[in-house]
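Enquirer: For this one, chain A is given, so just place chain B on it according to the hints.
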Amino acid sequence: MTEVWRWPLLFAAGLGLGAFFYGGLWWTVKRLPAAGHPVLLMLASFAVRTAVTVGMMAGLMAGDWRRLAAVLAGFVAMRFFLVRRQRRHDAVQS
Amino acid sequence: MNAETLVAMVSIFTAGLTMGLGAIGPALGEGRAVAQALLAIAQQPDEANTITRTLFVGLAMVESTAIYCFVISMILLFANPYWDHFLSAGS
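Sequences listed follow chains A and B, in order. Reminder that position 11 of the first sequence reads as 11 in UniProt numbering, one-by-one numbering, no gaps. Reminder that position 62 of the second sequence reads as 62 in UniProt numbering, one-by-one numbering, no gaps.
If you are wondering where the hints come from, they were derived from the structure by calculation, not from laboratory data. Treat the numbers as computed from the prediction; the structure is a model and nothing was measured. Hints may contain errors.
[Claimed, not checked] No more than 25 Å apart at the CA atoms, straight line, and that leaves these computed lysine to any residue pairs for SDA-like: (1) A:K30 x A:R88; (2) A:K30 x B:D46; (3) A:K30 x B:G25; (4) A:K30 x B:T54; (5) A:K30 x B:T65; (6) A:K30 x B:Q44; (7) A:K30 x B:R53; (8) A:K30 x B:P45.
[Stated by the list, open to error] Listed next, the stretches of chain A that the computed footprint assigns to chain B, with coverage defined by at least 3 CB atoms under 8 Å from CB atoms of chain B: (9) 4-15; (10) 49-63.
Just so it is clear, CB atoms sit at the ideal spot from N, CA and C, and this is done for glycine as well.
Isolated chain A, as found in the complex (with noise of 0.2 Å):
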């Protein structure tokens, strides 16, 4: 049972990783014309971002290469299908 579940199950969590990491991103730049301090929040929120989505691969890496590399497969898949959603977006707009 966790046998067939592992690799989707890593997947997912690589998803979620992607929608954290980049959600973040778009939280920052949206508050960046705002800033008082542009380059303490874009540097925090980089340093928070990475810093939660590197340990947490770390963890779930677990020693096995193969595992990280399910996570980075869902972490990249989160970001392809968040910048196209930007891109529909503007394509929307203008």
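Expert: For chain B alone, kept in the frame of chain A given last:
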């Protein structure tokens, strides 16, 4: 110096090099992108929405480069796929 020590040394050195280069490149690119975007928003506040969306797409590309470098150095340090191969070849 035996094979395992050499593999470990090269892996650690490469992981550090990967992280160093992987931090410098995206940092320069991201700083430039954000500076230009804020300048553009200051000049045309009406276009802020479009500029923000484009900035997000660009930053998503740039920041994933840094994540890829993190992943590669993590694999090299904690789950080196070549480690077992050299361990069995060395003994």
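Enquirer: Mind listing which of the numbered hints don't hold for this structure, in increasing order?
Expert: 9
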